[in-house]
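Undergrad: Got chain A; can you put chain B on it based on the hints?
Next come the chains, spelled out residue by residue.
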Amino acid sequence: MILVAKKCTVSGENGQFRLDRIDVEVGGGEMHAVIGPNGAGKSTLMGILSGIIVPDSGTVEFMDAPLGDLSVRELARSRAVLGQELAVSFGFTVSEVVAWGRAPWRGTKEASSDQEKIDLAIHVAEIEPLCGRRINQLSGGERKRVHIARVIAQDCPLMFFDEPDSDLDLVGTRQLEETLRTLHQGGRTLVVSSHNLSWISGLSTHVILMGEHEVLAAGPVREVFTSELLSRAYRTKISVAWSTDARGHDFAICTSS
Amino acid sequence: MKNIGRSWILGLALFLILLVLIAVSLNFGAASADSVVIWNIRLPRTVAAIGVGVGLGSAGVLLQGSLRNPLADPALVGVSAGAALGAVLGAAIGLPFNSIGVTSIAVITSSVAMAVVVWVSRSNGRVEVVTVLLAGIAVSAFGAAAMSIIISTSDLAGTRSVSFWTTGSFSLSNWSGVNSMWPAIAIGLILAFFLAPSLDLLALGDEGAYASGVAVSRVRALALLAAVLLTAAGVAVVGVIAFVGLVVPHAVRLVIGPSHRQLLVVSAVGGAVVLLLADTIARLALNPIEIPVGSVTAILGAPVFFVLLRRARNRQGGWA
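Chains as they are written, first to last, in our numbering: chain A, 7 to 263; chain B, 61 to 380.
Chain A extracted, bound-state conformation:
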């Protein structure tokens, strides 16, 4: 297991929990989907797994050592995070923002391949035409792809994507899927949250299903994408049917009634 969270609790306001004693395990090379209704605690879960939020109690271990033992920079060489904030202050250019992905490696041996990794990230995220522009002049979807490139350039074995598809159109989502598959096939471990159940079911190997500040179910996609579990999490009747897309990937068609 590359990442293990045990009995993690995060308190919110008024004595309520944002996460209540959750356990999560992520194996190396797996691709985990984090799904659940609004307010269930997906972002908070991503936060504690990526070391951005420190749980009030419980432990998170990365490669068998406590996540909290890593310095901020060591952490940034171990895992990359795509958050939901797209705004960048001041008029930085797309190339400058992508290059920030290499900041954690400054002064290390890896820094010699900075340019190579930046170029590759720009290629994988398909943002070559945007490079000379200022990021604040771009549309939401374009900004998202710039940040995806920045996170790829960071070149970490473990990567978090918090709702990466939220600002993208149909074509953008399709490109994102290719990007995530490429990263996964390159041996990286991915944790991806999304509200697009059909899309994420076709993409991931495992699912963490959140409901009301706890993990309702976790395991391989076929075991969690069931009518019974999804209906329980979303508190509404959800039917699940399986289909296969043009490229041979199985995905679940989830409809609520």
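Simulated from the structure, these hints should not be mistaken for laboratory data.
Keep in mind that this is a model prediction, so the values were computed, not measured.
Every residue gets a Cβ at the ideal spot worked out from N, C-alpha and C, and that includes glycine.
Errors might be hidden in some of the hints.
Computed beta-carbon distance windows for the label pairs [unchecked claim]:
no., chain 1, residue 1, chain 2, residue 2, range
1, A, Asp125, B, Leu344, 50 to 58 Å
2, B, Phe254, A, Gly225, 24 to 32 Å
3, A, Lys115, B, Arg370, 22 to 30 Å
4, B, Pro156, A, Lys115, 49 to 57 Å
5, B, Leu346, A, Ser77, 52 to 60 Å
6, B, Leu86, A, Gly146, 50 to 58 Å
7, B, Phe254, A, Arg187, 39 to 47 Å
8, B, Val172, A, Ser237, 20 to 28 Å
9, B, Ala345, A, Glu134, 49 to 57 Å
10, A, Arg112, B, Pro156, 41 to 49 Å
Reference excerpt, derived from the structure (chain A facing chain B, CB under 10 Å, subset only) [unchecked claim]:
no., residue
11, Arg79
12, Val87
13, Ala93
14, Glu102
15, Val103
16, Arg140
17, Arg156
18, Val157
Away from chain A, derived, C-beta distances all over 12 Å, residues of chain B [stated by the list, open to error]:
no., residue
19, Ile69
20, Asn129
21, Val176
22, Ile210
23, Gly317
24, Ala362
25, Pro363
TA: For chain B alone, coordinates are given in the frame of chain A:
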């Protein structure tokens, strides 16, 4: 790469302008220009203007970058008023003006002002753009009020009045003033130079910067400390000079882009140019009457602030 080339060109151009201004400012003045006058009166004044300008230009960059706030300026966020109050306090307890002792007290009170403003305007882990300015107004009003009480109940008014402190002037700058200011400015500049790459990443927001390996709280605290040192050192000698720290970084960013290392260096030189120019105007415009340099910068800077305010508000969709 293009921006680095531009930084060199702009930096060198500003530096040449600075040299010309130095020559001009040393050659004009009421008194006859023998070498004693130049050495003891005009040169320290010119050097002080350069030091204060370097400090304000780079302090503006640090405040805007670390608070992610395009409207930040040492005077507008209350840091300058905190420093002025400290200088008056120091004099009230018997320390001589233009001494390291007065500067040290100014640094302390200025840090307190900074801490209060940041603490008041923090909500959900971010510092709000407008609240910073509102808190700055309150801190500045408090500082001015406390200063006028101290000055009117002591014999300090004879040398430096309340209006000396609120619209600064280089008329009382001498060599001991210069000597009291450069150590803090040097420390502030060195700190700023090392923090610059991390300030770039703060543009992603606190979470994004942290995820990219920046120790956000420490970087922000050190950047604010550097801004305090760079501001307070000058204020303790010449009083509050507003808008230089606001306008210079914006103007420089327009030409060379926002990357902080280049921005800091060029804004430091730019601040010196602007202040030396403003002081020359202050001395010559209504010759033989000298107007306070702080009013020159305010008259030129306030309209720029209005433009920036409108732009920032439009970007955030209004502040109801």
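Undergrad: Report the numbers of all earlier hints that the structure fails to satisfy, in ascending order.
TA: 2, 3, 8, 20 and 23
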